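So the sequence shown is numbered by the numbering used here: it starts at 7 and just counts up by one.
Simulated from the structure, these hints should not be mistaken for lab results. Since we're looking at a predicted model, the values are computed, not measured. All C-beta atoms in this analysis are idealised placements derived from N, C-alpha and C, irrespective of residue type, glycine included. Honestly, I wouldn't trust all of these hints.
[Unchecked claim] Listed below are the simulated BS3-like cross-link pairs for lysine-lysine, each with C-alpha atoms no more than 25 Å apart in a straight line: (1) K231 - K51; (2) K51 - K8; (3) K8 - K39; (4) K231 - K151.
[Unchecked claim] Label-pair distances were calculated between CB atoms; the ranges are: (5) G32 - G90: 15 to 23 Å; (6) R209 - P314: 25 to 33 Å; (7) G90 - G253: 16 to 24 Å; (8) D228 - E25: 21 to 29 Å; (9) Q277 - L213: 23 to 31 Å; (10) G90 - K151: 16 to 24 Å.
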Amino acid sequence: MKAISYSRYGGPEVLGLGEVEDPRVGPDSVLVKVRAAAVNPVDWKCREGYLDQALQAVFPVVPGWDLSGVVVRTGPSVPEFTAGDEVIGYVREDVLCRGTFAEYVAAPVRALARKPRTLSFEEAAGLPLAGLTAYQVLHRVLEVKRGETILVHAAAGGVGSIAVQLAAHLGARVIGTAGAHNHDFVRGLGGEPVSHGEGLAERVRGLAPEGVDAVFDLVGGDALKVSANLLAPEGRLASITDPEVVGYGGRYWFVRPDPQDLRRLSELAEQGVVSVHVSRTFPLAQAADAHRLSQEGRTRGKIVVTLPEDEH
């Protein structure tokens with residue numbers, strides 16, 4: 007099958023389109039014909055070797071952990087899906103090897119849920135990793151409750167935009183950092199936008215003089231340091247980008263596959279609670295350009311690589 011892969015760590019130029027071995031479908035796995043695969047910052051961080059101490063690379067590596075697609079066949083111990091079902095998945099293994107930037111993926115059942123009928127394949131591909139990250143941090147780590155105020159950094163990005171919607175659905179007041187050009191976008195998600203950068207603390211205190219009940223950090227560094235000083239008494243702090251959050255009394259979180267959480271996200275999408283904004287799509291052959299754009303760090307919503315049905 008055709009897939010994007012890389013045989014050494016490096017920049018986007020190490021990505022190439024070629025033939026790789028067809029995936030093998032285990033007893034509790036499903037063979038999925040991929041229609042779209044989202045690009046996430048972790049993809050280029052893996053490609054450049056930044057996660058080498060945590061995830062072993064077995065070259066050649068096919069990048070990508072998100073997908074939307076159609077079930078082709080199932081393993082013998084899979085009653086949950088049948089051929090023709092449309093699915094989404096956060097397909098992460100314990101090593102870097104078989105990713106989702108490919109025509110076909112063998113995905114374990116624990117990584118899949120039914121695709122929201124209200125979302126296109128492109129939109130649906132952007133839901134799993136970003137959605138699970140936002141959902142798990144808000145529900146399991148920060149335990150956000152109705153009436154609380156939460157500060158979400160990078161509120162116009164992939165994870166941030168979904169976190170704003172989910173937190174608002176929980177009944178929280180959401181303050182979201184974003185560039186001025188994204189303020190209307192954040193308002194449309196249900197948040198109150200503030201500009202990031204110098205003066206952030208004063209701008210947030212102007213909206214929440216008593217401090218915020220929770221902070222969801224997606225930036226790290228100075229933003230994390232400022233955030234720790236904006237917490238109300240008993241406030242909670244979580245980061246998915248900077249392990250230094252532990253030193254501020256917060257918690258570092260790395261998203262994990264969870265079929266129940268993914269099913270819930272799919273339901274929320276169908277109910278209109280969660281939408282996925284796709285800012286740009288690229289055909290599979292242009293995956294390197296998709297990585298370059300992601301690495302610039304200024305994306306509104308998601309970047310998605312597509313594999314139209316007629317290309318299979």
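Which hint numbers does the structure go against, in order from smallest to largest? 6, 7, 8, 10
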